[in-house]
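> Letter by letter, the chains look like this.
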Amino acid sequence: MNKARTNPFNTAMMHGALILYVLIALFPVFVILINSFKTRKAIFREPLALPDAESFSLIGYQTVMKQGDFFLYFQNSMIVTVVTLFFVLMFGAMAAFALSEYRFKGNMLMGLYLALGIMIPIRIGTVAILELMVATGLVNSLWALILVYTAQGLPLAVFILSEFMRQVSDDLKNAGRIDGLSEYTIFFRLVLPLVRPAMATVAVFNMIPIWNDLWFPLILAPSEETKTLTLGSQVFIGQFVTDWNAVLSALSMAILPVLILYVIFSRQLIRGITSGAVK
Amino acid sequence: MSALTLKKVNKSFGNVHVLKDVDIEVQNGEFVVFVGPSGCGKSTLLRVIAGLEDATSGEVRIGDELVNNTPPSKRGIAMVFQSYALYPHLNVRKNMSLALKQAGQSKAVIDARVAEASRMLNLDPYLDRFPSELSGGQRQRVAIGRAIVREPKLFLFDEPLSNLDAALRMNTRIEIANLHRQLGASMIYVTHDQTEAMTLADKIVVLRDGRVEQVGSPMELYNNPANQFVAGFLGSPAMNFFPAAILDESDGDIMGVRPEDLYLSDKGKLGANVEHVEHLGGDTNVIAQVNGHQITARLFGQHDIDAGQNVRLGFKPERIFRFDAAGARLS
Ligand SMILES: Nc1ncnc2c1ncn2[C@@H]1O[C@H](COP(=O)(O)OP(=O)(O)OP(=O)(O)O)[C@@H](O)[C@H]1O
Ligand SMILES: [Mg+2]
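Chains R and Z, in that order, give the protein sequences.
The first sequence begins at 2 in the working numbering and counts up one residue at a time.
The second sequence begins at 1102 in the working numbering and counts up one residue at a time.
Isolated chain R (complex conformation) (with noise of 0.2 angstroms):
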């Protein structure tokens, strides 16, 4: 047994910190979600204080019901975000299966091409995927966005995919190939749910910087219809006067459809299947 686990000491302070941190990490989330029940002159008097009967009030969400299309950006940053999760994972297991699976000249190269997108940041390229999308009609579309999201998330997800995959078992892979399973079917059906804790990490790491993206939706997709949340959600600051109460209550907002997509991969976290397959 690990002795700093069994220290009631030492666990106590384990917790403790791991509550301290909750507690500040939480803390920005809070204050938005009371202040945006709160009353304009209520918010500035009293940030900290929670919305009573006198600064009670719904005006924030009232205004951004009214403003603007509010579902049509919350679905298209639902769109987004999703389709770019989908395409992330799907081409990047695919990539990392193949580098980790097979032998073939260049796997190294190619890897290390792969694995040179993480360190590159995306926005360097931007004018020249600008002028990329405009040369191609994208601009002002999802597909803008979804592409260059996919480009931006995929050398994270084959870097960690092929490192989960390495780790499964040959021998697995070996038993389906002799009871005549073809390639696809080892990769969908054996490789894929072991490595589900993985693909979960990915998912999660990518999700949140797409959902918050204000860059790309403002070079790229900037009109109405194309609008994500977070670009959507700039019409209530302004370069003189800022809408407090409209801006919290988009945040509000925004936070729920993220939190709902992280409960459902961080359930993939956990659950491991993986017990049994191999001794």
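Source of the hints: derived by calculation from the structure; they are not laboratory data.
Cβ coordinates follow ideal geometry from the N, Cα and C atoms, glycine included.
Hints are all accurate, no fakes.
Simulated pairs of lysine to any residue, SDA-like, Cα-Cα distance not exceeding 20 angstroms: (1) R/Lys106 / Z/His1118; (2) Z/Lys1202 / R/Ser183; (3) R/Lys106 / Z/Gly1115; (4) Z/Lys1202 / R/Phe189; (5) Z/Lys1195 / R/Phe189; (6) Z/Lys1195 / R/Pro194; (7) R/Lys106 / Z/Ser1113.
To spell it out: a stretch of chain R is covered by chain Z in this simulated footprint if at least three of its residues, at any positions, have a beta carbon under 8 angstroms from a beta carbon of chain Z; those stretches are: (8) 171-183; (9) 188-194.
Could you slot chain Z with the ligands onto chain R? The hints should help.
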């Protein structure tokens, strides 16, 4: 007719030459065991036979068919792995029937074969369980069952027992021997446990560094090893080796004598200082130093010997094996 013929099989990974000119013939219905130290290429050889690796050069024939370019599932083989390699998402019944389903067999045939295999291996109570709900021994039986239902021409076992505890290992070993008798199929069995090799094999193939050192029945190899490596590899405790010079003999450079061929005798040629004694009840193992060489004697029955004592060990001259400096046997 032979079940398997390997002709001058070589296998390299990049510039690592793992298998070197391997020639092996397995007769129909024969139980052949590959033994050798860790890393000598046993698993690689088995994977080449199964088609999971391509031979760099040489011929692999199963039955009388050249299978160098045949995929594993079409070679008429079945393999049992050390790590069981059961499909985690399928229950025992589906684990066993998957290959037949892939091959397009009818449901009636599949059910009959699974029922038969399950009866032979006493798996009936577990058919609807998942691999994670089985013990190690049960998992290995399922893996064996998965091989049986395919009715292969050739069974391949890669150290199937090494994850099991000693008692279970012995039971499963007997089970595999029974299976071989009942099915009459050709089997190749890889192990580095020489007890398994001696007890199961019709024929043993001793490998070292990717080369075949000697092929023969267990007793042939035991009584008539071709070289010092084979002599030292088979038998437990291992054969004792010492320079011929100790006995002032000129025949050969190295002499070998099996521990059970040594006995206590006042006129024995070897003066030994006892280092350690293992009392096993039926036998007594005496580990002693002779002129700075460690020698093990296996004495029948119980003996009252203590560490530090000086004894004399004798042997019959005809029980001596002589080798030259390179390890080759001198007759
Ligand atoms: N894919 C590979 N690439 C490079 N070298 C390999 C590969 N597979 C095996 N080898 C090398 O081939 C040699 C033989 O390996 P193999 O697994 O066949 O040994 P083994 O006899 O089965 O050993 P053990 O008893 O430990 O299972 C080893 O030296 C190993 O390093
Ligand atoms: Mg091996």
